[in-house]
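If you read the sequences in order, they're chains A and B.
Numbering-wise, numbering that gives the first Met the number 0 puts 84 at position 85 of the first sequence, and it's gapless, one number per residue.
Numbering-wise, numbering that gives the first Met the number 0 puts 233 at position 234 of the second sequence, and it's gapless, one number per residue.
I should point out that these hints are in silico values taken from the structure, not numbers from a laboratory.
Built from N, CA and C at the ideal position, the CB exists for glycine as well.
What you were told as hints is all true, and nothing was included just to trick you.
Simulated restraints, written as ranges between beta carbons of each label pair:
#1 ASN73(B) to SER82(A): 18 to 26 Å
#2 ALA61(A) to LEU69(B): 33 to 41 Å
#3 GLN215(B) to ASN75(A): 19 to 27 Å
#4 THR122(B) to ALA79(A): 23 to 31 Å
#5 SER82(A) to THR122(B): 25 to 33 Å
#6 ASP94(A) to THR213(B): 21 to 29 Å
#7 GLN99(B) to ALA61(A): 52 to 60 Å
#8 ASP94(A) to GLY96(B): 13 to 21 Å
#9 ALA65(A) to THR115(B): 52 to 60 Å
#10 LEU118(B) to THR69(A): 42 to 50 Å
#11 GLN219(B) to ALA61(A): 31 to 39 Å
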Amino acid sequence: MHRPGATRSVAAASAMFVAALLAGCAGSSKAPSAPVQVPTTPAAAAPASSVTSQPTSAAAGATTTADLATVDAQLNSIDAQLSAADSGLAQQEGDPTK
Amino acid sequence: MTPTLTRTRVLSGVLLVACAVAVGVPSAAMADTTSTVPRNAQAKADRLAYCHGHADAAIQARLTALGNDLTAVNSAAHLAPADKQTLLGLISSDQSGLTQLKATIDATTDPTTCHTDGLTIVTGYRVYVLVGPKVRLTIAADQIQAAGATLQSVATTLQNDINRAKGNGKDVAKAQEALNDLNTKTTAALSAAAPVPGQVLPLDPSGYPANATTLQSARQSLESARSDLHAARKDAAQVVADLQ
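So that you can see chain B by itself, here it is in the shape it has in the complex:
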């Protein structure tokens, strides 16, 4: 062998060892940290208990959230009857489903099954990211309808006041301008909020997260409606001030 060939072989051997070390050490480390398979019965029992504990806590937290949603629905003074019925049905169904799921998970003796069932606590219900927003957005939309109707009643009264003041020779140009804006803003708010219950109530956990965009869009519509109602409220105050 030539000296050059010998050096090449030695170098190759060194590189081979280096690669083996470089690849082998991390592989061993990963095997230690990512292994989820219990090596004995105690480890399996620990893993099951851990899963049960977390799953039960997750279900209880969601049942509490659903209880809050139920209180919100029952406390909503202006919730449309059909919307209320839909929301009460949804909440009741989810409460029953999660309670049943808890019993199923508690009865599970296999950690992997516990984990698989536990995932449905989220994917089967979407209590926080879907049910809650559906409840709140629907209540808000119906409240906007009620507030808009009240403002329209106020507008009628204020128009009569303006007409009376005008008949008495008062300059009512500014008051009339504010009242016109009140009417415009109120109409816009009602139009923006009206479709929201119909948009969000049919949303299903199986469609999440794709249907989250519908929630966001509905939220933006209600923000616009909310802003318009606040502006209309200021207009009403302006009319009253102008007529004094």
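Just chain A, same shape as in the assembly:
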């Protein structure tokens, strides 16, 4: 045997559950109250720019270092060739049979 008070409590709880269910269904069909924000501000673009420029600068620096090493080797070779030329220019060729 159910008591009348208990019956009311169950009925009230069921009503609240259904109400909550309906409210949930109604809420799910609504459009979002605010759109998702995509970061497109300049503040977001600045780091991207610095990320791309730093490797480029580093690569250029490495290229410059390699090129200057090449120039150093070329300058050494030029010096050696000119020194050899000087040796010839300073010579006096006499009579080879004496």
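Got chain A; can you put chain B on it based on the hints?
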């Protein structure tokens, strides 16, 4: 005869004898030291052997020098193809000519002919004073072109670096000044070296020593170019330092 006339005659006689002695003794001495005509067959054979020995050594030394020149040409990384072809042809021709000359001299039985042929070891080739400098100056001139091109590439990179640094608010005045000097010096070096191969490659042994002035002038041009390239290299280092 008067006493005065007698003294005069005696004095003249003394002077005549003195002159004869003064002139005659040195003449005899010179005849002994400058005579190159062998007095017998042995002397001629000795003289021929002496000539052969010296001529062969002189030719071998020049063939060695030409071998070194050949190595230099083949080792030169930046020698222009046309210049390389010209130098290889010159070296090969001289090697063949000297080898043939050695055979000719070795076959000679007359010392005077040996000596005459031997002189062409020098006059016909000028291996030391003309071929060697031609090879080295041409290689150096073409290397200067290559080094200048490398520096111009570096200058482009450094200008981009300067522009980037300037965009970031850095004071790049000194770096730009050094880079401008780098460009000026490199251009001057390239201009000074460019005509050198065309100036020295046509020089011929028959034109020596008159054409030695062309060699000297070319050498001075390359010295100027060399100095400019070294200065440009320092400028590049200065730009890099200024941007750090």
